[in-house]
Structure formats: structure tokens, C-alpha cells
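There are 2 protein chains.
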Amino acid sequence: MENFTFYSPTYFVFGKDTENQAGECVKRFGGTKVLIHYGGKSAIASGLLGRVEDSLKKSGIPYVTLGGVKPNPRSGLVYEGIELCKKEGVDFVLAVGGGSVIDSSKAIAAGTVYDGDFWDFYMGKRIEEALPVGTILTIAAAGSEGSGDSVITKEEGMFKRGASGDAIRPKFSILNPALTQTLPAYQSAAGITDIMAHLYERYLTNTKEVEVTDRLIEALLLTMKHEGPRVIADPNNYEARANIMWAGMVAHNNTCGVGRSQDWNSHNIEHELSALYDCAHGAGLAVTMPAVFKYCMNHDVMRFAKVAVRVWGCQMDFDHPEVTALEGIEAFRNFLISIGMPKNFEELGAKEEDIPKLADILCNGDGRPGYIEGFVKLSEEDCRNIYKMMV
Amino acid sequence: MENFTFYSPTYFVFGKDTENQAGECVKRFGGTKVLIHYGGKSAIASGLLGRVEDSLKKSGIPYVTLGGVKPNPRSGLVYEGIELCKKEGVDFVLAVGGGSVIDSSKAIAAGTVYDGDFWDFYMGKRIEEALPVGTILTIAAAGSEGSGDSVITKEEGMFKRGASGDAIRPKFSILNPALTQTLPAYQSAAGITDIMAHLYERYLTNTKEVEVTDRLIEALLLTMKHEGPRVIADPNNYEARANIMWAGMVAHNNTCGVGRSQDWNSHNIEHELSALYDCAHGAGLAVTMPAVFKYCMNHDVMRFAKVAVRVWGCQMDFDHPEVTALEGIEAFRNFLISIGMPKNFEELGAKEEDIPKLADILCNGDGRPGYIEGFVKLSEEDCRNIYKMMV
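Respectively, the protein sequence lines represent chains V and B.
For the first sequence, position 163 (counting from the first letter as 1) is numbered 347 according to the numbering used here, and the numbering increases by one without interruption.
For the second sequence, position 239 (counting from the first letter as 1) is numbered 423 according to the numbering used here, and the numbering increases by one without interruption.
In isolation and in its complexed conformation, chain V is listed as follows (with noise of 0.2 Å):
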């Protein structure tokens, strides 16, 4: 194991009715003046929205509100939201949504107390300061609720790129399963394919001797295995629900994934797709994952042998430990088309020619070096590889 800091200060507020307690929560942090940061109109006509800013006038606590986040969220609406904190005062960020409206917040909450462009952090400068943030979760798929990141994408270009930092880690979270219940079946879908991705990027490790990690992450996964179907069964299943939505926090704050390398590849295979197509970044990973784990499989056919037989009940074949860790790669993928996720570039709205591009901007586009580097080292070639594995 790998020398490793860890630091998940969130306050989580967990269950039914939660988004009562916004008010007493944004106090408990010294919110005074709120920018309620949203998206679309479904946080309005479901009356989450309204709760929200009851909570907010019981406590005493004014604000002012933006809308219009959309999935794989940009830097045109950051910028706004950035004019409209420093102009109104705004010393608390409260985000209404998924992991796009939280992300857009934190990007927010970041660029609001920094003198330069916001998007510097996202080209590599690390997030030192930020407005405190708080979210009420209405998707469980990201993590973006209890991690310290946050992923943005820019108009010009239409470059994907992430973005860290302990300031932008919320200081509360209020998880309500309920709010999740009138989710589309194809968004829980993808919501579940992104959790199980955040599981898979960490399992990918070169560290040995990672036991405790490895088997958080394996006890992750057969939980999203189980209720992942459960959910698309049946959409008003709340105990699925609760028990999708703990995963997918715990999936990413990183209690699983410390003392180790970790992979990230398939994202950001897949972030040039969401990008360009603006596809659902769950299912451009549902497309993406078994591609990238079938052309890195030999780099170690144990692990993924490891995966098959203890998530996917593989039988191990002791003689060829490759057809087992290849099985763990059908069953998962088999899996993925079973809860609705889209099989191929077709079924995802994807176009082959486009490859060249796709493999262009992500190994080289906005200062890459030529090549991406996770569990396996991939050139501009693998990954056009790996695009058209995906066809």
C-alpha cells in the first residue's frame, strides 16, 4: 500500500423528507446569503425547489437562484454564476441537482473568491479557496457529493476536464433515495453504470498488496449489481434506491480507493464522447469500459480473473485464468445492455469517422502530451484502437 492522505469532512444528511433540513444546514456552516444553483425545470414542478427555499425563509436565510444546468455542464454558465455571487454578496453555494448542477457549483464557489479565469483550475491549478458548498442530491451517479472534484466543459473546443481541490469538497450533503424515485429509467441506468465506473477506475490498480481496497470496491459492486436491476424494475423501489445512492457516495469519497494507482482511463476515453455527442456520461462508460478492459486485460489477467469470480461469480478456470478474466468482462458488459445502456457507437449516437478526432483531442488537445496514462499507458494509436473496438 501506497503512503496516502484521506479527508471526507462532509456533513451527510441521509433519508426521507432531508431537503427540509437545507436551512438549518446552510447555518450550520455560516451560509448568510445563498445562490440556490439548479437545472432544469423538473427541480420546479416537482416542488423540490420550493421545499428548498422554505427550508431557506424558516431559517432566516435569503437567496437568490440560477438555473439552467445541463448534463456535461459548461463554462458559459459558470461565468454567470460567478457575476452573479460577487454581485449579490453571495457567501454560500446550495446545489439542487445531480453531479452536473454540483459541479457547476463547485466551479462556481471557486471562481467567485479567485482574481484570475476560473477555468485555470481546471487546467491543472490546484483549488486552494473556495465558498463553502452544499448540495441536495437528486441523482445518484457522480460521487460529485462527497468528492473534493469537480468536471466542467469548455464552449470553445469543447474540452472536458476536471478540476480538484479540499475547498470544493461540500460541507454538506443532504441524500434523500426519494428524490431519485422519478428519475428516467435510462438516467438511473447511467447513473448506475457511472458509480460501478467509479469502482472499476480504482480497482484497476498497479499497487500490490491492496486487500482492504480491493474488497470495498468488490462489496460496492455486488451491491450495484444486485440493486441496479431492482431499481429499473421497479423506479418507486426506495430501499434500492437508499442503497444505490450510500454506494455511490462511498464509491467515490475514496475510502476504497486511498494507498493505491488508480485507472481513470475509461473516463476520459469517454469524456471526449460525452463532449462531442453529449451523450449521457454513464452511458458513454457503458460503451467505453468493456472496450478499454478488453484491450488492457493482459497487462494483468489476475485482477481481472479476481473481479470475475468474487462480483461477476465467475467459476475460475485455474488453467486459463485469461478465459475467466475475459468472462468477468462479458458478464459485466452483459449486465450493462441488461439495465438499458447502450452496446455500441451506434447505439449511443456515436460516429466512426469521428475516431480520429476523438483519439486527436484527447491525447493532444489542450496541452495533453500525446498519450493518456492510468492503469495502462495509451497512445493516440490504442486509442483509436480502443474507439473502434467500440463501433
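Each hint should be verified, as a subset may be incorrect.
No copy labels: a pair is met if it fits in one copy or bridges any two.
Computed cross-link-like contacts, SDA-like style, restricted to lysine to any residue with a CA-CA straight-line distance of at most 25 Å [what the hints assert, rightly or not]:
1) Lys254 <-> Glu264
2) Lys355 <-> Leu232
3) Lys309 <-> Arg212
4) Lys211 <-> Tyr195
5) Lys490 <-> Pro413
6) Lys355 <-> Thr189
7) Lys309 <-> Arg517
8) Lys355 <-> Pro316
9) Lys211 <-> Gly349
10) Lys211 <-> Tyr191
11) Lys355 <-> Tyr195
12) Lys217 <-> Pro419
13) Lys409 <-> Gly341
14) Lys355 <-> Glu313
15) Lys217 <-> Gly260
16) Lys217 <-> Glu237
17) Lys200 <-> Thr391
18) Lys338 <-> Tyr461
19) Lys392 <-> Ala417
20) Lys527 <-> Asp544
21) Lys242 <-> Thr189
22) Lys490 <-> Tyr422
23) Lys355 <-> Phe188
24) Lys490 <-> Trp448
No wet-lab data here; the hints were simulated from the structure.
Model, not experiment: these values are computed from the prediction.
Starting from the known structure of chain V, fit chain B onto it as the hints suggest.
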């Protein structure tokens, strides 16, 4: 799943040589005058205390020291520590040791800023305020490095009681697995047992539909089952020590215990043993748990069958689940014996003739209501029966 809140804001610094960051860490959390609280001479002899003092000196932080914490820490030293902190104007308590030292430090931290008797907290008053606490952990066992709990024994009456509060959660905890390599095998085994007890106490729940936390607990039990014997076979196995150390933290910071009722009957039954005989808490648990589990098994046979299959590798007897359940309890008991733990009263140093007294203090002592209640409600007679099973 039940509604819950989760808050684990401790900053963890994990790995080799991390004790040299003590000064920086105290500074990060605003300490300007430190009490270094520790146990016996081993902390001095090993050079650990010297390295911690050097680190504080380098950061320009003055300190006073108070050693002498014994296993099953006593109220007498806590009062002494509180006096010292008040007299010296201490504003940060740094625990260097295992669970006993940390628990004693937490009690001192709470008592120093409280006008009344600190024992009030151990009689049920919630701790709302305390000096900040940091820890440098030398034994993987109690999980106190990541919890808001503390257990102290009051000399008059030998009552062993717990107190809780977010205020006594450590601000930081330094976890260097190498520091645990010098532990005698018996203490290592007792620590392993304590960690597994923290997991079983959470596993035994009456809450339905808690797959995610069930799976996380099983993951950590599997880790302990794998790594425990490796540490007993080779005390210098850093990697096995590291896996156990992180498992011990996650086992008790409640990541895997949220949203579900928990048991803690075994801990309560054991507390009377270590209070009376001053045995190692883990050793007492090794004798207590199998008896409690057998006595309570029929309350939920399928739960015991599940852990038997998923953790202990038993084959499910679908016609007679109670056979599998019992097999799992026996497998756990044999595991504990195999790592060197006592198997009965005699090996623990406990006496059959004390059983009426033990059950009486347990159920009626210090204002208790005549029974204990966790996974199952146990009368004084039940507790006598359980103690008898340990003979």
C-alpha cells in the same frame, strides 16, 4: 434503511514515517500548546515519543507530557490530565498510543472545557464541546482514531462506560502501520478481534434492506480473515499491517454502520470482564462473541447463515439454514483461537463464581434498567446464561 447522518471529518495521514508530520498537523488545526498523552515506556523506548516531540519542536509548538495510560483507561488519570491542561493553558490534546490512550485523551479534551465532572458525559450527557484532539496510532484495534466515542473505567465501582460526541472526533489521525510491528502477538490478535467485533456488532441488525452496509462489513471481515493470520505469522509484514490498520478505521468510523440498528451486546457483556479482570478487551470479546451469537442465533438464522456463507466460505444448507449459521459461528471461533485468543473463562482469567456479580453489574449497575438491549433484549438471566456458556 433508516434515516441517518454521517460525519467523519478526521484528516487521516497514513503510511511510513508519517509521525514526523505531527507538528504540521497540530498547526493545521490551530493547536498552539499541546498535551502529549501516552501510555507506558514502550513509546519512549521505541523512540516514537522523541520523534513526535522533535516534530512539534520543528513547528515551534510548546508541549507538556502526561504518560501512564493503562489498558481499560481509568478516570483518575483523566482528572489529572484535565488539571494539567487547565494549569498549562493547553489547547490541543495529542494522543500517542492505542485506543486506551486516545479514549483517555478524548475524556481530557472534553473535561478541560467543562465546568462539571467529566464523568457526566459517561453517564449519558452528550459531549458538545472539547479541546481539539489529534492521534498517532500505535495499535490497530479500537477504531477510536476515527470515531466520536470514548470508553473510560471509573475506579469507584469499576464501571466501564462510553461517551460520544462529534466534538471528540480527532481532527487528524496519523496511521503508520510500521508502528504496530513491535506489538506482541497477543496484543495484535486482540486488536484483530476488536476490529472484527466492531464489524459483527454492526452486522447484527434488525433493519431490513441494508445490502450496501452488509456488503461493506463483509468486505472488511474478509480482509481481517485474510490479513490477520499473516500478521500473526510474520509481525513485520508491513502490507498486512497496513490493510488491517485501514480496515480498523473504516470498521468503526461508521461508514459501514449507517442507517441500521446495531447490536453492541457483546461489547457490553465484555466490558464487565475487562473491568473486573483487567484482561485485554479483544481477548474478552473473543470469549464473549461466540457465546452471544449462539445464544441469539435463532433471532435471525438467515443473517447468521449469510455471514457464514459470504465470509467464512460455508456451503449453504438450504434445508437447514441453522446448520450453516452455527457452522459460521464455529468457524469464527476457530479463527480466533487460531490467532492465539483465549477460548473460555479459564484461559481469560475469569471465574465462574463471579457470574452472578458480573450479570448484576451489567444489568443493574450505575443506573442500568435490569437488562441490556441490542440485536436481542437480554435479561439478567440471559446474561448469566451467556456468561455460563463461556466457562
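Task: Violated constraints from the hint list, given by number and in increasing order - done: Violated hints: 7, 12 and 13; rest satisfied.
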